[in-house]
Amino acid sequence: MADAELASAPPRRAAVRSETALLVLGLAILVLAPLTAQLLGEPFYIRLFTRIAIMAIAAVSLDLILGYGGMVSFGHAAFVGIGAYVAGILAYHAASGEALTTWPIVIHGSQNAFIVWPAAIALAALAAFVIGLVSLRTTGIAFIMITLAFAQMLYFVVIALQKYGGEDGLQMSERSRLFPLDLGDKLVFYYLVLAILVAVIAFCRRLVESPFGMVLRGCRQNERRMRAVGFPTYRYRLAAFVIAGALAGLAGILLANSQNYVSPADMAWTRSGELIVMVVLGGMGTLIGPVLGAAAYLLLELLLGSFTTHWQAIFGPILIVIVLFARRGLYGALAGRPADG
Amino acid sequence: MADPLLATEDLVKQFGGVTATDRLSLSVADGELHAVIGPNGAGKTTLVAQLAGELAPSAGRIRFAGADITALGMAARARRGLARSFQIASLCREFSALDNVALAVQAHSGHGFRFWRAARADESLRAPARAVLAQVGLAGRQDVPAGFLAHGEQRQLELAMALAGKPRLLLLDEPMAGMGQADSALMIALLRTLKRRHAILLVEHDMDAVFALADRVSVLVYGRCIATGAPQDIRADAAVRDAYLGEEAL
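Chains as they are written, first to last, in the numbering used here: chain A, 1 to 341; chain B, 1 to 250.
Hints were generated in silico from the structure; no laboratory data involved.
Mixed in with the good hints, there may be bad ones.
Calculated Cβ distances over 10 Å to all of chain B for the following chain A residues [to be verified]:
id	residue
1	95
2	119
3	156
4	159
5	302
Where chain A lies over chain B, by a calculated footprint (3+ residues, C-beta under 8 Å) [as the list claims (entries may be wrong)]:
id	segment
6	126-133
7	230-239
Here the structure is a predicted model, which is why all the values come from computation and not from measurement.
The C-beta atom is built at its ideal place from N, Cα and C for all residues, glycine as well.
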């Protein structure tokens, strides 16, 4: 039984009820809103919801290590960026016909999602492995700073890639081909992203409730105890870091495809900060919370941004109020449910 | 004596100019309860930390079950059967008592890297954990978050986590610390049931407990072992009286 340790029975049942209601409502909005926008001839809102769902995937993946593993990674956008750039660069070479490498093996560009997406995810996972290998030797502030430093290194690497647009970013002439779907269709693409979001949440939910997940959550609460009891905690945390990096890479692929464009801004440190804000705002250690956080963040950005370009001056105080008064984030406040241990 | 289960050989630990452990050679035989006593600052907790693998000794070696474990980390030693309970309760406070013990069971069953099963529905982890909780007297408190347990109960849970891995040696760092009379008596009774089934190295301040339980007592003063022997011999030892028991009477 999940969260048997929390609360006594009656309030718990009420929490489950409001939680279920919230999930059904949220899913209904995510399913119906873009369809309505399509019917009303407002494609802008389809793009907005697509962006929300993609950022939600990245935020959920961050929640896995931040909320459950206690690893405050300040470089998560780097993995999003790697996924996006792999998709962008392979598309660029597919369009130009020029091979990506000719030695020691020949790699051609591609638009085929069955080739590009696994490659991008694998590369993001590899980067997470290397970065995690070093970063996870540290904890606390040092960990935050090291992950930030690695992400900044990658950021300046892509800026230096003049061939792929450098600072200006890289245009993609068309979206990946995922037979039999037509990803060029905005609505089809959106529902694909939504399905992936749901799958990612379900996957992470299973993961945190598995024996592996229990060790990960134990590490957040008391890492020394976990080592004393016999777990080589470093390996567990590294495995979680790689999984989160791979999922962030997946979000990056979708991001590149959604905007037909990749830019260094997609992996800037500010983006990593935004992802942390989404997770904290929505509720750490809840998996659903980060989806709410991503939606709230992007909608507020849009709403406040229409009044003033200095929208963050208003957003900042709102964030502070929410963090102070709803410790478990929006999800905790709405669902009446504490975070998982 | 036959090859002891645990032995330190000329163990030294220095922190800057301070020698916390000074050429210490101790042993615990299979099935023995060896108590280590000493005044505050004698280096008892430093000794436990070195035995558990949390602190690396400056010199000397530690042998356990016939192998040199000096270079092994905390987790590796735990998996070999050297279980430790902390002086200050160290638990996963948001997890229930049962979750905590189930994790300890899991650590010793090689189940860690299983990504897909629901851990809380896994009877191969939950059933042994419930049995250990019953053994330490926490059966009725299994669903309470560890952080909400009373002080004495947290100490019992500490012990349960150490027992869950069926250790060969229990390393108990002041299991009675901060306990009232009644709780202490319960803990002493509990330790008596564990004696012989596990070798135990007991670091303790509570003299009643030590003299009631120990097969052998070592006295640590400034990191050095000044006497080792049967409890009644230690009680009679003049040097020990001077260094420790007398001081306590002041």
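Hint-by-hint comparison with the structure:
1. With a minimum CB-CB distance of about 38 Å to chain B, residue 95 of chain A clears the 10 Å threshold, and the non-interface call stands.
2. With 10 Å as the threshold on Cβ separation, the claim that residue 119 of chain A sits away from chain B holds: the shortest Cβ distance comes to roughly 23 Å.
3. Residue 156 of chain A, annotated as away from the interface, keeps every beta carbon of chain B farther than 10 Å; the closest lies near 35 Å.
4. For residue 159 of chain A, the non-interface assignment is confirmed: its Cβ lies about 37 Å from the closest Cβ of chain B, beyond the 10 Å cut-off.
5. Against chain B, the non-interface label of residue 302 of chain A holds: every CB pair exceeds 10 Å, the least being about 36 Å.
6. Restraint check on the segment 126-133 of chain B versus chain A: 0 residues with Cβ-Cβ distances below 8 Å, three needed, restraint violated.
7. Only residues whose beta carbon comes within less than 8 Å of a beta carbon in chain A count, and the segment 230-239 of chain B has 0; fewer than three means the coverage is violated.
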